Amino acid sequence: MVRVDGKGTESLVEIRSLDKKYRRGGEEIDVLRGLNLDVDQGEFIAFMGPSGSGKTTLLNLIGGLDVPTAGTIRVAGDEIGALSGRKLAAWRARHIGFIFQMYNLIPVLTAFQNVQLPLLLTGLSKSDRREHVEAALELVGLTDRMHHYPRQLSGGQEQRVAIARAIVADPTILLCDEPTGDLDRASGDEILAIISRLSREFRKTIFLVTHDPVAAERAGTLLHLDKGTLLECAADGRVACKPEDRKR
Amino acid sequence: MAIPIEYNVRSAVARWPSTLVAVLSIAGTVAVFVVMLAMAQGFQATLVSGGSPENAIVLRGGAESEMMSALTLDQARVLAGAPGVARSAAGDPLASNEVVVIGAFALAATGSDANVQIRGVSPLALDVRPNVRIAGGRFFQPGLTELVVGRNVPSTYTGFSLGSTVEFGGGSWTIVGVFDAGGSSFDSEIWCDATVLNQIFKRPENIFQSVTVRLESPESLGAFKDAATSDPRLAVDVFRETTYYEEQSRTVSTIIRVLGFIVAAVMAVGAVFAALNTMYAAVSARSAEIATLKALGFGPASVVASFVGESIVVALAGGVVGSLAALPFNGFTSGTMNWSSFSYLAFSFRVTPAIVASGLVFSIVMGIVGGLPPAVRAARLPIVVALREL
Ligand SMILES: Nc1ncnc2c1ncn2[C@@H]1O[C@H](COP(=O)(O)OP(=O)(O)O)[C@@H](O)[C@H]1O
Ligand SMILES: [Mg+2]
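Those protein sequences? They're chains Z and H, same order as listed. For what it's worth, our numbering labels the leading residue of the first sequence as 1, then goes sequentially. For what it's worth, our numbering labels the leading residue of the second sequence as 249, then goes sequentially.
Hints are computed from structural coordinates only; laboratory data are not their basis. Just so we're clear, the structure is a prediction, and the values are computed from it rather than from any experiment. Any given hint could turn out to be false.
To be verified - Using 25 Å as the maximum straight-line C-alpha spacing, the simulated SDA-like pairs for lysine to any residue come out as follows:
1. Z:Lys227 with H:Val632
2. Z:Lys21 with H:Leu629
3. Z:Lys87 with H:Val624
4. Z:Lys126 with H:Val257
5. Z:Lys21 with Z:Lys227
6. H:Lys450 with H:Pro371
7. Z:Lys227 with H:Arg636
Said to hold, decoys possible - From the structure, some residues in chain Z lie toward chain H, with a derived Cβ separation under 7 Å:
8. Asp66
9. Arg86
10. Leu121
All residues carry an ideal CB built from backbone N, CA and C; glycine is no exception.
Bound conformation, chain Z alone (with noise of 0.2 Å):
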């Protein structure tokens, strides 16, 4: 189930009167208004919107990167605004992955280096942390590619890197901005193929911002962003709210 009406129950995912301003200069930007959202595991959504409209900070908000100016967040009954610092990055650990527009890799680690960057925060030995980063990057199709650099990477493949290194550590929520941005359509689709494989198979709760409306229909909800508040498109998720966003 997703809503935006603010009258979900026991939902994974729990926004409720979600403000977030900015203030540049003398000026206050009011990017989210009073946003609600509801989110249950295994659903995988999509949040599309003009440049600017606030998609990246609404998922900030949820991985805990950004605190909200006001009302309250709940991932998996935890209140995140209630936390900071260590605990803040012990729960982001084993909540969040996050998969980014522009990968995001360590330059100077290899694929496997990089995938295994979140097992150190477990306590996994070093071969069960091996047998799961092979694991990972198997599911993205990159196990030749293990001891390659980023730099030795194409982007298709730096992404499926990225991908690997989000879920390694089994988070409850993927949360994916623009992971096919910078990607021609080939390799795009080859992410969202994945995307959609970790939905379909392995029930991940996915929050994915696109511009592009065929990742969208990924989805199984598109929720569109506009003023500050969500808007549901349709109750089947299958049809954009507005045709514009669809021929973009």
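Given the coordinates of chain Z, assemble chain H with the ligands onto it according to the supplied hints.
Using the frame of chain Z, we list chain H with the ligands on its own:
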């Protein structure tokens, strides 16, 4: 588990020009630090090695060095007869009544004069100090104006080769022998008959400055000291020779060390700034990476540890380079004024493992000081802002 140190090592190597600046400034500081300590160590070792635990040196009560001391022949005889003093095969007590004067001679290297310690000793001096042996020529004949010189002397001063004659103190002296005192301060001294020295220099006869005795064993010091200090005819201080030289070396070696610390501290300020600069640059160049690591769940402590670790790696590399650069100074021979006798003393620098270890510790300290503020900045960097910078 923490952010792997490999990440830091490789990142530091990847931006090597900036890393190199920090490595070199820390290396320079550590090199100076190590060389200064090696100098102090060498100086101290040279003085201390002159002493033997089996010898006792006796000075007038309250005198801090031979220069300020005076003992009469009668007192010297009482000391020679005291319990604990070893005897020669012929049954003579092994005691050397000694007088020290300062001569000024031209240094071979510069031509300028330097002070030399001229020691009048008893004919038995070599038996009192078995660690001193004749390396060329022979020992002086009692009663003659003959000199035996330490092995550093012929090369350090003009005109002191074996067989030559030198004029000083109103007398004409022939160099009849060269002795080897095993690298101790005696190697920079000139020895002659104490009685002759008193006559030529028109000093009061039968007045000496110190008496050095060979003990039956190192343990005999207690008995000898008790007898010497309780005898009403004597008012003397008795020291084990090693202790005495250690005390004598303390002032100068402390001065060298303090100087070394001051110079190193001044240089360390520069080196720490270099480290700070390098690490601040690293943090700002890698802010997106740091934000990514934090997004993955690495906490503030991990980030601080990681960047302090990186700074330590860079600093330690500097420490190793600096120590290696200082290593050739091991055995490097120099001379300085021995301020306790106001005479010139040749000694060798000693780069010991302990000194290298303190140099490395010093570099680590610089790494921590230079790495901590940038590391704290890295940990505080707001994630969302840094992520947008990509
Ligand atoms: N750290 C910040 N300081 C000031 N303004 C910000 C900051 N981050 C985002 N904004 C502003 O908030 C708005 C929403 O940004 P963002 O969430 O990145 O939008 P989107 O991802 O939908 O393009 C934009 O107007 C942006 O300029
Ligand atoms: Mg965005």
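We went through each hint and held it up to the structure:
| no. | hint | in the structure |
| --- | --- | --- |
| 1 | Z:Lys227 with H:Val632 | 21 Å, holds |
| 2 | Z:Lys21 with H:Leu629 | 19 Å, holds |
| 3 | Z:Lys87 with H:Val624 | 18 Å, holds |
| 4 | Z:Lys126 with H:Val257 | 21 Å, holds |
| 5 | Z:Lys21 with Z:Lys227 | 12 Å, holds |
| 6 | H:Lys450 with H:Pro371 | 20 Å, holds |
| 7 | Z:Lys227 with H:Arg636 | 21 Å, holds |
| 8 | Asp66 | 5 Å, holds |
| 9 | Arg86 | 4 Å, holds |
| 10 | Leu121 | 5 Å, holds |
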